[in-house]
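K.L.:
Each chain, letter by letter, is given below.
Protein chains: 4
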Amino acid sequence: MKVVADFCLIPLGVGNSLTKYVAVVQRILANAAEQKKISYLMHSCGTNIEGEWDEVMGVIKNCHEKMHNEHGAPRVHTTVRIGTRTDKSSSIAEKVASVQAELKKHEG
Amino acid sequence: MKVVADFCLIPLGVGNSLTKYVAVVQRILANAAEQKKISYLMHSCGTNIEGEWDEVMGVIKNCHEKMHNEHGAPRVHTTVRIGTRTDKSSSIAEKVASVQAELKKHEG
Amino acid sequence: MKVVADFCLIPLGVGNSLTKYVAVVQRILANAAEQKKISYLMHSCGTNIEGEWDEVMGVIKNCHEKMHNEHGAPRVHTTVRIGTRTDKSSSIAEKVASVQAELKKHEG
Amino acid sequence: MKVVADFCLIPLGVGNSLTKYVAVVQRILANAAEQKKISYLMHSCGTNIEGEWDEVMGVIKNCHEKMHNEHGAPRVHTTVRIGTRTDKSSSIAEKVASVQAELKKHEG
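Chains as they are written, first to last, in this note's numbering: chain A, 1 to 108; chain B, 1 to 108; chain C, 1 to 108; chain D, 1 to 108.
Bear in mind the hints are in silico, worked out from the structure with no lab data behind them.
Treat the hints with care, since some could be wrong.
Said to hold, decoys possible - Under the rule of at most 20 Å between Cα atoms (straight-line distance), these lysine to any residue pairs were calculated in the SDA-like manner:
1) D:K37 <-> D:K105
2) C:K61 <-> D:K104
3) D:K88 <-> C:E70
4) B:K105 <-> C:K61
5) D:K2 <-> A:A30
6) D:K105 <-> A:K61
7) D:K2 <-> D:K61
8) C:K37 <-> D:G58
9) A:K61 <-> B:K20
10) C:K36 <-> C:S89
11) B:K20 <-> C:E34
12) D:K61 <-> C:E70
13) B:K2 <-> A:G58
14) D:K36 <-> D:K20
15) C:K105 <-> B:T19
16) A:K61 <-> B:N16
17) B:K88 <-> C:K105
18) D:K104 <-> A:M42
19) B:K88 <-> A:G13
20) A:K61 <-> B:T19
Treat the numbers as computed from the prediction; the structure is a model and nothing was measured.
With the hints as constraints, model all of the structure from the sequences given.
P.N.:
Now the structure itself:
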């Protein structure tokens, strides 16, 4: 089952500058993407991620584990939006493109 | 890694009465709880769920699969809040109790 | 426009024990409920809140302002699920009751 | 109080193709941005939006109202992540840039 998801991970108890921790997450994502497990795209309030359910959830679990075990975060809070569909496939790139095409149709 | 989470699952393309589908989710949860895999508590905008990471995520995956394969939903959208911590354990029940104790302290 | 929502507010940069801050939010909610602006119900991963859109969002805004101005939180992160409907009214209490009725139907 | 948020709006009871409705939301956002009320950036699982609290929440409220009143959606479900901070300002663009700078530092 393929999933297009979006997640935002926040370590708690590590102060209020989170840039360093966001970079940790991005490196985990880059590594998983190199291994062709997932695709991802960071935005300013989270990260789009797509792939098989177990790969996507495995990456997010990996982020929690690394935050606790290697980066000293006593608590980690993540919010995830998960979308699955059986009617057609839809990648991260296709979803944005189809909205832009719809917007164009009504502009002409 | 233990997780205390909260999720809200919405099937799309099945009309606007979702009670039947919420009941499907609740039966999946009840079944997993009977097998001691997870604990859960439904509220009016989602369901608290706690247990080991893989069990909790496995139940949510199971809900998506059943919605697609047995209940005809072409799309399923779920939002999840996930909390993990290494400083102490905290169950669903303890979290509410600790807030109520804090509120009492300031009332006296 | 009436809204049934669920929110989870997390102050960042204030350490990893959040019970005190959850209690602050609960007192703001109790105060708004006394004034009949909203109804609410805390659970272990957030709080259900219902009322007119502007009242509900006003209470959440008030929580952010108080966290910053009176409780020293440099950052506040909140996630909200918002539901509105025009087909029928549905309160926090009714939503849980309708699922329980559905579950009962299939047990007999 | 300035807010950097991310929201994902889903109309229910209108079938499983949502592209048309996402385009409606994007036009509301474009209109508000032209009036300098907010800035926004669509991604494949939602839209970043920033501005004053009341402007940002007003736009999301406007989306719900238009979905119900002009586009026939009996139910609308939205999830929002809201971030406010008093320690420094941080725009949508700055947040992504600061993570990319952090990633660069560790590459060299």
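K.L.:
Is it true that the CA of K61 (chain A) sits at most 20 Å from the CA of K20 (chain B)?
P.N.:
Violated. K61 (chain A) to K20 (chain B) sits at ~31 Å, over the 20 Å cutoff.
K.L.:
Holds or violated: K105 (chain B) and K61 (chain C), Cα atoms, limit 20 Å.
P.N.:
This hinted pair is violated, its Cα atoms lying about 26 Å apart.
K.L.:
Are the Cα positions of K105 (chain D) and K61 (chain A) separated by 20 Å at most?
P.N.:
Violated, at roughly 26 Å.
K.L.:
Between the alpha carbons of K2 (chain B) and G58 (chain A), is the straight-line distance 20 Å or under?
P.N.:
Holds, at roughly 15 Å.
K.L.:
For a C-alpha distance cap of 20 Å, please report whether K88 (chain B) and K105 (chain C) respect it.
P.N.:
41 Å, violated
K.L.:
Check the hint pairing K104 (chain D) with M42 (chain A) against an upper bound of 20 Å on the C-alpha distance.
P.N.:
15 Å, holds
K.L.:
Take a quick look at whether K20 (chain B) and E34 (chain C) sit within 20 Å of each other, Cα to Cα.
P.N.:
With Cα atoms ~34 Å apart, K20 (chain B) and E34 (chain C) exceed 20 Å; violated.
K.L.:
For the pair we were handed, K2 (chain D) and A30 (chain A), check the Cα-Cα distance against 20 Å.
P.N.:
Cα-Cα ~31 Å, so violated.
K.L.:
Would you check the hint for K37 (chain D) and K105 (chain D), treating anything up to 20 Å between C-alpha atoms as holding?
P.N.:
Violated: K37 (chain D) and K105 (chain D) sit about 35 Å apart, past 20 Å.
K.L.:
Can you confirm whether the C-alpha distance between K36 (chain D) and K20 (chain D) stays at or below 20 Å?
P.N.:
Violated, because 25 Å separates the two Cα atoms, which is more than 20 Å.
K.L.:
Can the restraint linking K88 (chain D) and E70 (chain C) be considered satisfied, given a maximum Cα separation of 20 Å?
P.N.:
18 Å, holds
K.L.:
Hinted pair, alpha-carbon criterion (20 Å max): K36 (chain C), S89 (chain C). Please report holds or violated.
P.N.:
18 Å, holds
The structure is inconsistent with the numbered hints 1, 2, 4, 5, 6, 9, 11, 12, 14, 16, 17 and 20, although it conforms to all the rest.
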